[in-house]
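Residue numbers (our numbering): 1 to 304.
Just to be clear, a hint being listed does not mean it is correct.
Said to hold, decoys possible - Pairwise CB distance ranges, derived in the manner of DEER restraints: (1) E274 with G174: 38 to 44 Å; (2) A231 with E39: 21 to 27 Å; (3) A216 with K259: 20 to 26 Å; (4) A212 with P35: 38 to 44 Å; (5) D239 with P164: 19 to 25 Å.
Rather than coming from a laboratory, the hints here were simulated on the basis of the structure. Since this is a predicted model, take the numbers as computed values, not measurements. By construction, the Cβ of each residue, glycine as well, lies at the ideal position given by its N, Cα and C atoms.
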Amino acid sequence: MIDIQYSSEVEAAKAEGRAIVALESTIITHGMPYPQNVEVAAQVEQDIRDAGAVPATMAVIDGVLHVGLEPEQLQSLGQAKGVAKISRADMPACIAMGGTGATTVAATMIAARIAGISVFATGGIGGVHKGAETTFDISADLMELAQTPVTVVAAGAKAILDLPKTLEVLETQGVPVIAYGQDSFPAFWSAQSELKAPLRMDEPAQIARAHAARRAMGLPGGQLVANPIPADAQIAAGDLAPVIAQAQSEADAQGIAGKDVTPFLLSRIFELTEGRSLTANIALVRNNARLAAKIAQELNNLAQ
């Protein structure tokens with residue numbers, strides 16, 4: 001058994017049968033500096049409340065899995081140093097050793113499943129890195145989507161990735177990829193890409209019914225809802241392409257690999273876009289949180 005601590009808000013929501021949306025915590029510990037990290041995390045939580053659901057930010061603190069954070073815990077985590085970034089492989093070890101870790105997409109999905117939460121809002125999922133045919137660098141997020149029954153709302157996969165290969169792996173693993181309100185697969189900071197999404201749905205209720213149908217059929221895994229960034233917040237794909245290429249070239253030249261690749265690329269893209277990438281990132285996370293809250297409410301309605 002593992003120790004699980006529910007926040008007072010999440011505990012009340014579960015008792016009352018209210019809709020709950022899971023949130024990751026790496027955005028707090030590894031996404032941006034204090035106090036902006038805490039301010040953004042609190043704003044995303046409030047977006048979910050304003051849309052009619054309850055936020056449950058996941059984290060492991062001193063070996064305890066927290067499902068929802070109290071305000072003082074959010075503040076403390078935002079200022080903590082040396083917090084581990086945990087995924088499927090190291091999450092149990094972090095708990096066993098009494099450590100503190102921020103949850104990635106995969107770890108948040110696992111925490112949500114344990115807590116009985118079906119919907120999770122994030123920025124963008126990980127995927128197949130460019131050059132993966134030689135490095136085999138593929139995010140654990142894709143395998144998690146294939147086996148853990150959580151609907152993940154994201155602005156597609158991070159644009160630094162090999163998006164065609166990412167979609168191929170998701171297809172191979174039987175993960176439904178649903179573009180919300182458009183036919184194109186969104187590319188994180190950009191609302192559109194040249195890739196067609198495998199599925200399209202225009203209503204939160206349709207997405208909720210698809211989740212329920214998978215569960216009724218006994219199919220493993222979740223579904224990815226690709227929600228395009230609002231048009232007024234996006235960075236055009238054409239503007240981003242040379243920036244991403246430059247950041248990738250610098251990473252290759254410096255021999256950066258494995259878990260260090262994504263943080264390096266995001267940091268360099270932030271610098272090269274003079275902060276525009278972070279502004280867009282915040283806008284898309286908030287947009288995803290609002291959609292996730294609507295889907296969670298529709299799932300709740302189906303259950304009742």
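Going down the list of hints, with the structure as the test:
1. Distance hint check: the CB atoms of E274 and G174 are about 41 Å apart, consistent with the given range 38 to 44 Å.
2. Under the hint 21 to 27 Å, the C-beta atoms of A231 and E39, about 24 Å apart, fit the expected range.
3. Between A216 and K259 the Cβ separation comes to about 37 Å, which falls outside the hinted range of 20 to 26 Å.
4. Between A212 and P35 the beta carbons are some 40 Å apart, a value that agrees with the proposed interval 38 to 44 Å.
5. For the pair D239 and P164, the beta carbons lie near 20 Å from each other, so the given range of 19 to 25 Å is met.
Hint 3 from the earlier list is the only one contradicted by this structure; the remaining hints agree with it.
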